[in-house]
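**Student:** Make a model of the complete structure from these sequences and hints.
So the protein sequences, as listed, match chains A and B.
Residues in the first sequence are numbered consecutively from 2, following the numbering used here.
Residues in the second sequence are numbered consecutively from 3, following the numbering used here.
These aren't lab readings, by the way, just hints derived from the structure by calculation.
Be aware that one or more of the hints could be misleading.
To be verified - Below are the BS3-like pairs computed for lysine-lysine, each with C-alpha atoms no more than 30 Å apart in a straight line:
#1 Lys103(A) x Lys25(B)
#2 Lys62(B) x Lys25(B)
#3 Lys62(B) x Lys107(A)
#4 Lys88(B) x Lys62(B)
As the list claims (entries may be wrong) - For each label pair, taking beta carbons as the anchor points, the in silico distance ranges come out as:
#5 Ser173(A) x Asn164(B): 17 to 27 Å
#6 Glu198(A) x Ala147(B): 32 to 42 Å
#7 Thr50(A) x Ala63(B): 21 to 31 Å
#8 Ala55(B) x Thr178(A): 17 to 27 Å
#9 Asn64(A) x Ser81(B): 22 to 32 Å
#10 Ala147(B) x Ser138(A): 46 to 56 Å
#11 Asn164(B) x Ala141(A): 56 to 66 Å
#12 Arg8(B) x Pro105(A): 41 to 51 Å
#13 Gly93(B) x Gly127(A): 26 to 36 Å
#14 Val72(A) x Asp56(B): 38 to 48 Å
#15 Leu117(B) x Pro105(A): 46 to 56 Å
To be verified - Residues of chain A placed beyond 12 Å of chain B at every Cβ, according to the derived structure:
#16 Thr76
#17 Ala141
#18 Thr204
#19 Asp208
#20 Ile216
Backbone N, C-alpha and C fix where the C-beta goes; we use that ideal spot for every residue, glycine too.
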Amino acid sequence: MSGPIPTLYRTELLSRRRLAENAFEITLARPAGFGFRAGQWITLQFGDTGRDYSLVTAPREPNLALCVRHVEGGTYSSELAVLEPGAPLSFTGPHGYLVFRKSPLKPVFVATGTGIAPFVSMARDGVNGFILLHGVSTGAELFYREELQAAAEAYIPCLSGGRESAVSGAYSGLVTTFLETGLPEGAYAFYLSGRGEMIRDVTRLVDDRFPGSRIHSETFY
Amino acid sequence: MGIFTRTGDRGRTSLFSGERVTKSHPGVEACGELDELNSHIGVVIGLLPADAADLGVELKAIQSDLFQAGAWLSTSSPSASGGLLKEMDNGRIGVIERAIDRMERQLPPLRSFILPGGHLSGAVAHVARAVCRRAERRVVSLRDAGGPDSVDQLEIIMVFLNRLSDYLFVLSRYVNQVNGVADNPWNK
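**Tutor:** Dropping the structure here:
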């Protein structure tokens, strides 16, 4: 007795481009019949094991692009980092609930690292007017900066790597510290994407400082 | 996917639609009852004989329905669901009604109240039935408390749970019979 087997989509690698020292983007051919909502993710299959990656393309785009954090010594991201165009891949999905929901509340997107991916997909899908905090160590990790800046009402890079990592217009500190001091009190629709610690800390902050807010979140490991 | 997020350590949690609420919120209470019901159904599935695969598939579909129902109960309005939730409709209720008829045709007519029990699978199905009734009461309480706005879904969930408790009653008798255990009538 087993539940329904998720559809396994077969695809191939079309291209790869480096986003930063520790991240790259891969583009896959879009299999027939595969649809998704901006903000969702897929599970790439490596034999019996699956690894989750967020889509950065908008649903209407002809191909699928994934944002991959290159984990040093990591089996799967290392494999993807050297895979040749044309290599076959398979995946299941779409998964996840971090999709944009219409609301009278001002949207505040908070991401750490490659957790920015769902918000790139949303921006490419036409979502705009949001406040975006992107927490990274150095300015080199501010992937997709220009296009996010264009869609956001306020784009606030939060750099935690110290003074040597500073870039023009960036906040020096954690996203949580910015929220404590830089975001006016009120009710917002928070969308959180990134490390579990960030999601825990921001959730506590929202409970204490932004009553009446909503939280939608996706944890990246 | 990690199991613990620590975002609920202080007695609050997020509804599916994103609102932060206390864990004693009626929607959270109702979801908890569905979770308990779903877990008991899981035990029944685990106790089914190997040749009852079809029944297992049927029960797993019901478990999926309960997940869907839980998500609706923790969604303040249809628009806040982000279009991610499948609308529940009368189709699944019809499936359960036909399953009740199918099992009843294979059972002796009921002439008195019966005591919960029998084979372990039947006994657990009775527990699931009682929890299902409690879940239904919690959903009614949620409706009476004025929320959520998904009134159509709430009403379908109420009918679904009402019918599901009947299904679980018949299921308990059916799995008892499959396992060679007769009904245990209530002798007043």
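**Student:** Hint by hint, which ones does this structure get wrong, listed from lowest number up?
**Tutor:** 3, 5, 8, 12, 18, 19 and 20
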